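With the hints as extra help, turn the sequences into a complete structure.
Chains as they are written, first to last, in the numbering used here: chain U, 153 to 591; chain H, 153 to 591; chain E, 153 to 591.
Wrong hints could be hidden among the right ones.
Dumping the calculated PhoX-like pairs for lysine-lysine here, alpha-carbon to alpha-carbon at most 20 Å [stated by the list, open to error]:
id, chain 1, residue 1, chain 2, residue 2
1, U, K563, U, K276
2, H, K563, E, K578
3, E, K578, H, K578
4, H, K578, U, K578
5, H, K563, H, K578
6, U, K563, H, K578
Beta-carbon label-pair distances, calculated as ranges [said to hold, decoys possible]:
id, chain 1, residue 1, chain 2, residue 2, range
7, U, H424, H, K578, 10 to 20 Å
8, U, L551, E, P559, 53 to 63 Å
9, U, H424, H, S312, 47 to 57 Å
10, H, F217, U, V532, 35 to 45 Å
Derived by calculation from the structure, the hints in this document are not laboratory data.
Since this is a predicted model, take the numbers as computed values, not measurements.
No residue lacks a Cβ here, since even glycine has one placed at the ideal position from N, Cα and C.
The primary structure of each chain is shown beneath.
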Amino acid sequence: EGLASPSSIRAGVDMLFIVLCGVLVFFMQCGFIMLSVGAVRRKNAKNIILYILLDATFGAVAWFFFGWAFAYGPNPNASSKFIGAGWFVTYNLPKEEYVNWFFQYTFAATATTIISGSIIERTKVIAYIIYAMLVTGFVYPVVAHWVWSCDGWLSACLDSPLLEIGLVDLAGCGVVHMVGGIGGAVGAAIVGPRIGRYDASGRALAMPGHSAPFMALGVMILWFGWYGFNTGSLLGIVGQETMVPHVAIVTTLGAAGGTLGCLSYSLLVEKHWNVVNALNGALAGLVSITAACASVELWAGLVIGYIGGWIFSGCSWLLTYMKIDDPLEAAAMHGGCGMWGLWAVGWFASPSLMGNDRACGVFYGGCGGWLLGVQTIGIVVIAAWVIVLMAVIFGALHLMGILRVAPDEEKAGMDHSYHGGDAYPKDQQVADGEPFTTT
Amino acid sequence: EGLASPSSIRAGVDMLFIVLCGVLVFFMQCGFIMLSVGAVRRKNAKNIILYILLDATFGAVAWFFFGWAFAYGPNPNASSKFIGAGWFVTYNLPKEEYVNWFFQYTFAATATTIISGSIIERTKVIAYIIYAMLVTGFVYPVVAHWVWSCDGWLSACLDSPLLEIGLVDLAGCGVVHMVGGIGGAVGAAIVGPRIGRYDASGRALAMPGHSAPFMALGVMILWFGWYGFNTGSLLGIVGQETMVPHVAIVTTLGAAGGTLGCLSYSLLVEKHWNVVNALNGALAGLVSITAACASVELWAGLVIGYIGGWIFSGCSWLLTYMKIDDPLEAAAMHGGCGMWGLWAVGWFASPSLMGNDRACGVFYGGCGGWLLGVQTIGIVVIAAWVIVLMAVIFGALHLMGILRVAPDEEKAGMDHSYHGGDAYPKDQQVADGEPFTTT
Amino acid sequence: EGLASPSSIRAGVDMLFIVLCGVLVFFMQCGFIMLSVGAVRRKNAKNIILYILLDATFGAVAWFFFGWAFAYGPNPNASSKFIGAGWFVTYNLPKEEYVNWFFQYTFAATATTIISGSIIERTKVIAYIIYAMLVTGFVYPVVAHWVWSCDGWLSACLDSPLLEIGLVDLAGCGVVHMVGGIGGAVGAAIVGPRIGRYDASGRALAMPGHSAPFMALGVMILWFGWYGFNTGSLLGIVGQETMVPHVAIVTTLGAAGGTLGCLSYSLLVEKHWNVVNALNGALAGLVSITAACASVELWAGLVIGYIGGWIFSGCSWLLTYMKIDDPLEAAAMHGGCGMWGLWAVGWFASPSLMGNDRACGVFYGGCGGWLLGVQTIGIVVIAAWVIVLMAVIFGALHLMGILRVAPDEEKAGMDHSYHGGDAYPKDQQVADGEPFTTT
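This is how it looks when you write it as structure tokens:
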């Protein structure tokens with residue numbers, strides 16, 4: 153095995169931890185595919201598979217050419233607090249930064265994928281590719297630069313951070329989930345509801361997905377990957393090794409709380425045990441706890457998650473009422489709970505975990521309210537950035553006439569119209585020794 | 153990267169190993185969902201998804217409030233060999249214990265989930281939630297305390313362990329699988345067979361699950377997670393790094409042996425290549441090797457697994473004959489092979505791996521038979537504990553009339569009766585450009 | 153946590169890394185199952201599940217008895233450059249080698265599983281078991297010995313390696329993918345096309361698989377596992393920690409490039425967004441980059457993957473034209489892109505990553521062309537070895553009359569003919585409160 157210095161071994165351990173967590177986050181793409189496939193109608197199953205695959209691939213290309221450069225590249229100009237500007241095409245990228253490139257790529261791809269759920273079943277492939285590259289290549293990287301690079305104006309590691317605290321967003325309630333969820337809301341509003349989603353009197357009709365088991369599979373894969381998402385955001389394990397299970401436990405309790413929150417809502421409002429809502433609840437809890445998981449005590453995970461379940465349910469009702477048709481409810485989930493999660497830090501952050509006299513949650517006295525202030529500023533600014541940019545992007549695609557498919561294509565299904573046929577070919581629908589035939 | 157002491161780096165490595173294994177064990181919940189969905193009839197698919205999701209969530213709540221406290225909390229009283237009594241609600245829990253809390257939670261949830269398979273397709277949601285909390289919060293923790301806390305009367309790390317050896321149950325043939333499997337057997341016996349499982353003459357009728365691919369997916373995810381289950385139970389990697397691949401190899405050979413055992417049974421008895429049985433065989437082998445995987449030579453994995461395949465098949469036949477209707481065959485799998493796995497230690501334990509002159513398997517001379525004695529005592533006592541408590545729990549639920557759904561609800565399917573509709577909505581069953589309609 | 157020497161900690165870290173990567177590679181079996189299930193017709197779904205499960209189990213047995221011994225066992229004889237000859241049945245195997253046994257087992261099983269895709273839907277179980285044991289036990293181990301053991305004549309770590317370089321095949325374009333893919337091509341040619349694949353005029357008819365979502369699931373699991381496949385092949389992380397994300401990024405870009413390559417082909421030739429082809433493209437890119445991922449700059453991943461997408465598409469066309477019917481297109485994917493990936497090293501290898509003045513890619517001047525020469529020799533010799541041996545194996549099975557099922561069995565479907573019934577029982581096809589009945 154040979155000799156190795158402690159610092160070299162330490163570098164290996166932290167590297168293993170971060171790369172592994174990045175791989176888990178990448179696997180969330182698989183979770184999103186299965187969740188989305190299950191949540192759409194059968195005639196659009198291949199379509200959503202392609203869209204998420206394109207996120208992962210065009211996202212990698214966009215990240216390679218300029219996304220990473222805008223997020224983390226060195227910028228010698230006055231704009232450095234706003235945007236990075238170096239290491240394009242990984243040119244001159246130091247090897248020490250490779251791990252961050254990979255880890256952050258998986259987060260960027262996640263943000264983009266979230267949007268897909270809101271606009272699926274009626275959006276053109278070409279529009280999808282264009283906005284996916286713009287989100288992974290520019291919209292997301294700028295927010296990541298603000299919050300997670302040490303140059304960004306919202307960053308906690310800036311020499312002189314905002315209100316001497318900087319935004320607390322460990323794994324990206326704002327950077328990832330708000331970007332994806334609010335981007336999805338804007339997209340769903342501009343692309344318009346699916347045909348048949350609202351009846352003549354404006355009442356919403358249920359459009360259940362075609363496979364609850366695929367949805368469950370997707371949710372469980374996402375939950376699994378979320379352990380990498382949240383713990384990996386500690387960016388190292390040596391020297392802070394007890395924070396890793398801390399984050400893992402809060403994440404677990406957040407998911408549990410979210411499930412209970414959504415189940416409570418279903419039982420009170422819908423009067424039955426709604427399985428799909430329970431699954432969504434687990435995700436709502438996970439989103440809600442993503443910013444705070446290293447800054448709050450264990451019990452707070454359960455509380456923040458539970459409230460997140462109700463916030464998801466409320467946002468879902470509100471968006472449906474506003475005729476924003478979001479097949480995956482991504483806007484309510486990632487937008488609504490993302491905002492809640494960022495704000496929850498200002499309420500629940502424990503002084504013993506913050507290490508900054510000026511920063512603690514309102515429930516601990518608030519330490520002057522600065523933390524809640526920073527978190528509120530972060531929510532407002534990120535939301536504004538995403539709304540404006542995504543409105544421009546989706547608006548331009550709409551004006552160019554390349555955003556939405558034709559009504560007959562939509563009715564026939566994207567798979568029939570664009571992808572050469574059904575995800576489950578008709579002559580393969582029934583078989584028991586003899587193939588089924590329609591003639 | 154900065155400086156770090158070797159002991160700090162070591163703590164980081166072991167932490168990474170255990171948290172990661174815990175995450176893999178958590179992912180087994182996804183495996184159980186997919187296996188169970190595939191193994192039940194289409195009309196109950198959403199029901200089993202909800203039940204396993206509730207395990208993970210209510211289980212986390214129960215574990216948070218008192219399960220962990222009963223299993224691993226410090227107990228200053230005379231009852232300390234029987235039960236823990238501290239750190240309720242994680243109050244005063246030292247940060248060093250966080251990793252154990254998380255790792256052990258994933259095991260507790262596994263034990264509870266196992267039971268779901270035995271009583272599915274006819275059990276009420278409310279009964280499910282009650283027993284899930286009691287199992288994760290009390291039945292399981294007490295057994296975990298006996299065997300895995302260093303205070304427990306069966307523990308090998310007690311100052312003066314039972315027969316100077318203590319029970320050998322590395323990853324929980326007794327603690328996890330017997331608790332789940334025997335609990336399931338008791339539950340299935342009390343809740344009674346599904347309508348239509350036995351004909352008028354008492355003959356069992358096949359009730360195949362609705363999707364073999366989902367079953368295969370579940371089994372492969374479980375096998376994947378089992379590497380975390382077994383290797384993680386070493387509770388550290390530094391200083392015992394060659395034991396990790398040892399355990400991984402024995403686990404692999406155990407699964408292979410179990411598959412071969414069940415395939416042999418199918419070919420001899422059923423005269424065809426039964427795929428579902430082969431999949432069950434892999435799991436039977438994995439369960440069988442869970443106690444012994446660090447105590448036996450590599451070849452023994454193959455042998456113990458192969459015998460486990462036959463034991464599963466035999467138990468499965470016996471339970472069917474006894475009219476205990478277990479849709480997932482969880483009782484035969486986890487109960488039968490769990491007992492076998494615990495006992496197998498007494499037969500196959502290699503002196504070179506035990507490090508205790510008094511402890512070795514019968515095939516190596518037996519070292520006086522003490523080890524086989526301890527393992528036998530463990531089987532008997534754990535079985536008795538589980539049978540009595542689960543009979544009380546399920547019996548009480550039965551007497552209260554909240555255990556089993558009404559016959560018409562059962563015939564209609566749980567999804568229709570309780571969950572607002574089918575897992576695969578009917579108008580989504582066939583699609584090829586045009587949605588299928590029943591009118 | 154107590155004391156531990158740096159060398160002991162280092163051993164723990166590298167062990168964790170390699171075992172974990174092995175577990176990820178094992179999980180690729182799950183990916184292959186789901187991809188294959190989706191790609192075959194409904195009537196053969198259980199059959200392919202069984203076949204891949206048998207790979208994992210009979211493969212483990214064959215590897216245990218002699219595969220490992222032929223690949224990595226010490227051989228005191230003159231044949232040592234050609235084959236290993238020690239440690240049969242793991243007899244006398246040093247504990248330090250356990251990790252390699254496990255890691256390499258997962259690779260051996262992968263090679264064998266690849267073949268299954270080419271011959272599925274018409275091959276007998278017994279033939280499958282025989283060739284699976286021969287491939288995992290002999291055909292694959294010999295190639296692994298040549299390239300990856302330090303005794304092998306193609307190995308780069310031989311005292312005097314071929315052309316003073318030795319074959320560069322980090323994770324097995326040649327050792328794993330060519331063995332599997334070319335083996336599959338030979339098998340598909342000898343077993344002959346499925347009934348109905350070609351019409352009376354010899355024109356190929358499409359035989360789409362029954363579930364695109366299962367294919368997507370399989371591909372994403374494979375991509376996930378591929379990070380273990382490629383990074384784990386570095387065989388350690390301490391001291392080369394920045395190579396791990398290097399490999400992960402090149403792998404990501406390879407997959408992205410492959411997807412783009414196949415999408416380009418589909419748009420140009422088929423004139424629609426072919427989702428299945430895009431999924432195959434991701435895998436084609438991953439195969440293509442498997443040999444070179446530690447020897448090329450990041451951008452080269454994108455280029456090699458993109459070309460790989462076209463090579464897959466071309467090989468697929470060619471094999472169909474040659475009437476070699478390969479349901480999973482495993483021959484084009486793993487055979488074609490495996491050869492391309494091995495050759496690509498000779499074109500793209502970066503001098504700064506090779507550490508050998510004689511070895512660099514043609515695009516960097518070629519350093520005398522020795523590297524391209526070694527890679528070309530490797531391709532030719534491995535292809536010849538696999539073609540000859542697999543022709544003998546499949547030819548013998550054919551002559552013995554145990555290779556292919558009877559035409560009526562094939563038409564009825566393997567599940568009906570051999571496995572006791574359909575993967576989705578007919579009376580479970582439709583349910584909405586009331587089970588569907590065919591009478």
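Consistency of the hints with the structure:
This hinted pair checks out: U/K563 and U/K276 have alpha carbons roughly 14 Å apart, not beyond 20 Å. For the given pair, H/K563 sits about 18 Å from E/K578 by alpha-carbon distance, which is consistent with the 20 Å threshold. Restraint check for E/K578 and H/K578: satisfied, since their Cα atoms lie roughly 15 Å apart, inside the 20 Å limit. Between H/K578 and U/K578, the direct Cα distance comes to roughly 15 Å. Compliance with the 20 Å bound is thereby established for this hinted pair.
Of the supplied pair hints, the one linking H/K563 and H/K578 holds, its CA atoms being roughly 17 Å apart against a limit of 20 Å. The straight-line distance between the Cα atoms of U/K563 and H/K578 is roughly 18 Å, inside the 20 Å bound, and the hint therefore holds. Separated by about 18 Å at the C-beta atoms, U/H424 and H/K578 satisfy the suggested range of 10 to 20 Å. The hint said 53 to 63 Å for the Cβ distance between U/L551 and E/P559, and at roughly 59 Å that hint holds.
As the Cβ distance of U/H424 to H/S312 is approximately 55 Å, the hint placing it in 47 to 57 Å holds. Checked against the hint of 35 to 45 Å, the pair H/F217 and U/V532 passes, with Cβ atoms roughly 37 Å apart.
The structure fails none of the hints (numbered hints given earlier).
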